[in-house]
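Make one complex out of these two single chains by using the hints.
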Amino acid sequence: MSARQPSPDAPPPLDVHDLTVAYHKRPVLYGIDFQAPAGSLIGIIGPNGAGKSTLIKAVMDLLPTASGWVKIFGKPFKKAVTRVGYVPQRESVDWDFPVSALDVVLMGRYGRLGLLKRPRKKDRQIALDCLEKVKMRPYANRQISNLSGGQQQRVFLARALAQESDLYLMDEPFVGVDAATEAAIIDILRELQAQGKTLMVVHHDLTTAPKYFDRILLLNMRVVAYGSTDDVFTSENLQNAYGGRLNILTEVALERFKKKNEGDPKPAKGL
Amino acid sequence: MLRDQESGIRSQGGTWPPDASSPEPDQCSLGRKAEDSEPNIPRPQTSDLRPLQSTWLRPLLFFSLFTIHHSLFLSGAHAAKISDLTQTNWTDQALDFWSFQEPIVRTVVIGAALIGLCCGLLGSFLVVRKLSLLGDTLSHAVLPGVAMGFLWNQTKDPVAILIGATIAGVFGTVVVSWIKQTTHLKEDSAMAMVLAGFYGIGVCLTTMIQSQPTGDKSGLDKFFFGQAAALSGEDVVVIGIISAITLIIIALFYKEFLAISFDMGFSSAIGLPAKGLHYILMALLTFAIVVSLQAVGVVLVSALLITPAAAAYLLTDRLRSMLILSASFGIISGVLGAFISYLSTDIPTGPLIVIAATIIFTLAFFLGPRHGLLPKFIRRRRQRRRIGMENTLKAIFNLSEDDDFHSREFTLQALARARNTDLQEAEKEMTQLIRNEFAEAITTSHQLTADTQFRVTERGWLRSCEIVRNHRLWELYLSQAAHYAHDHVHDDAEEIEHILGEEIVQKIEDRLSNPHEDPHGRLIPTRQQTLG
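So the protein lines, in turn, are chains A and B.
Counted from 1, the first sequence has number 146 at position 146 by my numbering; the numbering is strictly sequential.
Converting from the second sequence to my numbering requires adding 271 to each position, the first position being numbered 1.
Isolated chain B (complex conformation) (with noise of 0.2 Å):
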């Protein structure tokens, strides 16, 4: 809070960004003093110092912070709500909302999922290309372009705003390559600077818009941190046309994208014109952020780039399915923050939609099957569980080879000892292995003691030769082809043993040409053995 008070925004006066019904409209910009009526209403902190940002996660963590923060102090400031109504109960709200009836939640909803569906798909080819920093840039670049469209013929006309947007874009773009060829600067402090630079050229053209007496300035403020609810009809159909824009070239140039997207250099070499199809989704890049900026605002809206674009890269590995899945995250996102901010009164939909982009991300970082954090706790478990058994397995087999493999028979007393282990853990693994059909109790009562039999059964036999096979040889093939010391080879076998393919214990068979015996000078037991 206090580094709101403190932005260089906020001298300018509780005015900005204004509500669109002012009552001050004459003001001058500079040196204004605080005299709205509300004046302890915390104001969007638009002058963040933004870090250099090289890869996608940092980005990604920054934009949910400042979404939260957003969310919960611009609250009540001057969000215009999808409804105004104040609804009985959310179940009513929800319903409402999910039957589309009324004219403002059509249009709101097709505008925030066909944004989404644009960043979905441009993002995806940000983050292969790691080129997330510029979805940043360039929104940030385009501002100034805004407040031009809009001074143009004073009002926010969509077809205007997106021509002097596109063409701030474009000379934020050509600045930062510029500077890279001049200069040995590189492209991310290139374009950081060119980031805050044009920012701040925009904040300080649209403040001034916002200060002039003329003019129909209603929704201009929007532009920072967006507002769903704001979009028109009209700005809808431009959504719509760039979606469709969109949509088409990259089904049409799919094979051309993903060429150069993977290898520049050689999609040249191949004579694909790899340079204008570069700007040709630069273009549509363009295109997608000012069509989002209303909704999503500068700031967030390279979050919308990213973040599905990000959750759909840990959830494949081929660029179609990423595009398809990124695509349908940015609408759900879309969809999902229009649909809360219905429900809450004054939280705008902007950050909702980010929030819900984030969340997805969340889920798949977390849930992911092959990345997320969740199932590769489960499988690291699973093959903990795994190898215990396996190591009890083999204790079975060395009881059975004490005895010279008279009997597939033990007591619990006798695991635990072998197992060097009381006779509770003994119990447990116990329980482990007849849930796996591995061994089975002899004795008919339930109640288990140091006396009680078991007998190991066919499966667990097969598989307790396999694992002391592929330990012995192990140690063999360490000690023989490795030269290790005799005694050096346990310890390592013993993790080894659990890792083994049957492709790799071929290979040490042969290599040792069919041994008998490990080091120790105790039999191995044949591959026949391990098959039954």
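In isolation and in its complexed conformation, chain A is listed as follows (with noise of 0.2 Å):
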């Protein structure tokens, strides 16, 4: 498969612009400014409760922001749904479900699919096929809750692939696996950024950070650092993200969203 080159004025895979998020009138991303080069396998990395999993969330509408923007390839995300694949961290659902392997990667055939249409054997076989590519071929058959937590996750990776998008949008999926799954997965993403796909992956592991990814965005609430690996993986960024001189700043920030919201129940506009 070539690399599909994109042009230099075509939109980017993904746009994001002054993007605020709140949560019970608690800011819990202000001001994200940032644009994914399509071809890139992007880092998010950042502390815990650092607004990560909002970030992707924020961006697929999964949540109501408070102000900004966000482009998939030029278009609001209603527009462009089946060009943006995800993964949900593994402990989003629950793995007692009465599902098998092989149904739950059909799930990401849904998007494209679309309302009242039933899977066909053309889907049924894009699925055993990114059962095959997570190595989950032989249990396509299992009942989700049989599977290991590396293979659940591999599941959750071939229902992602399943969807066959161009934006890849995956919350931590390296929590809780196995070493041989760690590298299976990183594997498939590198596949997947040589086909030209764009990659955004949460990831809390700072020592394999810098291995696997071109592009990091260092979080905390706010977007503390963002571009190629070599030039933001400083001790001085990751001091910053990590329990540095800005929190000062983040507090303040955080009061005045608190103020500026005091007996208005909805989140207002910008900060």
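There may be inaccurate statements among the hints.
Some chain B residues near chain A, calculated using beta-carbon distances under 8 Å [stated by the list, open to error]:
hint, residue
1, Asp534
2, Thr587
3, Gln703
Distance windows between CB atoms, simulated [claimed, not checked]:
hint, chain 1, residue 1, chain 2, residue 2, range
4, A, Asp94, B, Leu638, 19 to 29 Å
5, A, Gly176, B, Arg651, 25 to 35 Å
6, A, Lys25, B, Ala515, 20 to 30 Å
7, A, Asp129, B, Thr692, 51 to 61 Å
8, B, Arg706, A, Asp129, 41 to 51 Å
9, B, Pro646, A, Pro37, 51 to 61 Å
10, B, Gly659, A, Leu116, 51 to 61 Å
11, A, Gln35, B, Arg641, 48 to 58 Å
12, B, Ile434, A, Lys25, 34 to 44 Å
13, B, Leu783, A, Thr207, 25 to 35 Å
14, B, Glu458, A, Asn48, 23 to 33 Å
No lab work stands behind these hints, which were simulated from the structure alone.
C-beta atoms are modelled at their ideal positions from N, C-alpha and C, and glycine is treated no differently.
Pasting the structure below:
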């Protein structure tokens, strides 16, 4: 498969401008600005509660945003749904649910199928191929609770692969997986990248981050630093993200946000 | 019984819920004394303090007890029966019932079956989404709406009641999510409060209506504990329409409902109208509850939602078959409940339907092939027997090994000594081995003595080699790879030898580069030996 070469003036796969998200009147993200260039593998790094998952969810319209906008290939998310693949956190679902691994991967096809249409032979074949890619083909008919944590994570990845998207958003795909699965996942991510797809991956392990990603978004409620791994992954930036001097700014912003929202259950527009 | 008499409703007088032919319709509801002609008849206990239930198992238990309680104490009070005829014997009655000759039997059976179908289908989604308490909340929340629908044109008009109940149900769920969003109270507390609050309002409204002088109020009291026999043809038409809508929508949107039930976030992310689908499901649920109220009652309808689905959940691990099973269980419960109610002259239908569902759940709980207690017990026993046989075979291998593998024959006495047991026990073990063709007796006499000779069969020999191989390999693995002390490895190997599969044994052999001797210096049977 040849890598798709984006024309220089094509809109970027992901363009986030001044994005602010609030939960229960507390800002979780504010003023997020960045663009993801086509064919990049970007790690979203930051401490607990930095808003990494929130950013991904806000990009996909799963959370209401207080201000700012998101564009996927130059379009609002609703118009580019099929171009976005998603791997949620593994703990976000009940793994006792009565479905097989293949059923779960088939769900990746539902977005393209649209309402009322049933999965066809072709969709099943794609789902099986995706299971094969994550080396889970022999487990296709297992009920998902009979899979190990790493296998469950692979099934989630296979489901995203079945979406056949151009931009992938992955929430902690490396959490709770064995070393073999971690290596298998990173191989697949690199392969997707080689096909010209764009990937944004929430990651918590600082030791592997510079090895895995060519761009890094350091996040702590705001964008602390964003750019190529070499530029961003400096001790100073990490210090800033993980509890450095900018904490005061965060605190003040929080206070300001609270004041603005007093007596107003809806989040205010902007800060 | 004492609780019955102390309950708040009880104090409003013996006429609640009144019979259709209540002789004093113009009484004021407050402060009324029990002037019923049968003052000693126990009343349904409607002011039950219901515990918070976060799982479906607890409500199940609760409902079974509750149902039994009510079916015992309600009897005779005001129970309309499907058949008021005093038939000669129950076989005639049964024949009568299953021939569906009487129109009322037909109405009730169709109504009960359709209710079971609807509740079974929709309840499955509640169970897999861990929303069991929602069914309970909705069923209680609709009660004020039932009363309002009744007040609207002063008769038991099914359509008006359906509309009123739906509005109340939707309002109830809105209140729940409103509480959840604006406070830091969790959903279960919000649901429990709405459930109780709405039910309280409903009980007051219904009681007030009952005491009004005008209108045809017959059947309103049935909404509390249900009376399938009170279903009219009109009711069954409404039930039929709702069932058809439910079936069609679930069939059409099965894929979507599966997706949102498993992973709401992902479903939205791929562009499915997840929220809309959720509300459609909730609307169907409200309809199903409302049409079930008359037959099963406010208090028991959530059992009909959860119990068949819970039974199905124990029996299968695919949503599709769970839906089919759950719907079937619902139908069976409905028809069975109606049938038993027809046979016995004074037990109302609703509680019987729920008891039938609970019996199905109990059967699934004990007999279900995967999670049932009995199959688990049998599997464990079979396993224990297998381990016992394997231990005997191992002893036989050791006997032969002591003899430098010259012979595969041995006496009962020798085996008993090797197994460190008495002759009687050794005889039992040998009987077991012979039955499984692992060994055979050489002597022709039927009388077994200490000197009776046995020979291990080829099959038995291979198996014994396999066990010994597992045992010694595992000992070696523990001492070499896991650095256990030599005298620590035996007990562990005693257990592991019975569960090691060929695949793992191969891995261990590779890891130890095909060893020949165990840590105690004894030979390890080779793979070729175990394969014959």
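How the hints compare with the structure:
At about 5 Å, the closest approach between the beta carbon of aspartate 534 of chain B and any beta carbon in chain A falls short of 8 Å, and the interface hint on this residue holds. Interface hint at threonine 587 of chain B: satisfied, since its Cβ lies 6 Å from the closest Cβ of chain A, which is below the 8 Å cut-off. The interface hint given for glutamine 703 of chain B is violated, since its Cβ lies 33 Å from the closest Cβ of chain A, which is over the 8 Å cut-off. Remark: the range hint 19 to 29 Å for aspartate 94 of chain A to leucine 638 of chain B is upheld by a beta-carbon distance near 25 Å.
The supplied range of 25 to 35 Å is met by glycine 176 of chain A and arginine 651 of chain B, whose beta-carbon atoms lie about 31 Å from each other. The given range of 20 to 30 Å is broken by lysine 25 of chain A and alanine 515 of chain B, whose C-beta atoms sit roughly 46 Å from each other. The hint said 51 to 61 Å for the Cβ distance between aspartate 129 of chain A and threonine 692 of chain B, and at roughly 58 Å that hint holds. About 49 Å separates the C-beta atoms of arginine 706 of chain B and aspartate 129 of chain A, a value consistent with the hinted range of 41 to 51 Å.
A hinted range of 51 to 61 Å holds for the C-beta pair proline 646 of chain B and proline 37 of chain A, which are about 58 Å apart. For glycine 659 of chain B paired with leucine 116 of chain A, a C-beta distance near 58 Å keeps the hint of 51 to 61 Å intact. Checking the proposed 48 to 58 Å range against glutamine 35 of chain A and arginine 641 of chain B shows it holds: the Cβ atoms sit about 51 Å from each other. As the Cβ distance of isoleucine 434 of chain B to lysine 25 of chain A is approximately 38 Å, the hint placing it in 34 to 44 Å holds.
Distance hint check for leucine 783 of chain B and threonine 207 of chain A: the Cβ-Cβ separation is about 34 Å, which falls inside the suggested range of 25 to 35 Å. Checked against the hint of 23 to 33 Å, the C-beta distance between glutamate 458 of chain B and asparagine 48 of chain A comes to roughly 25 Å, which is consistent with it.
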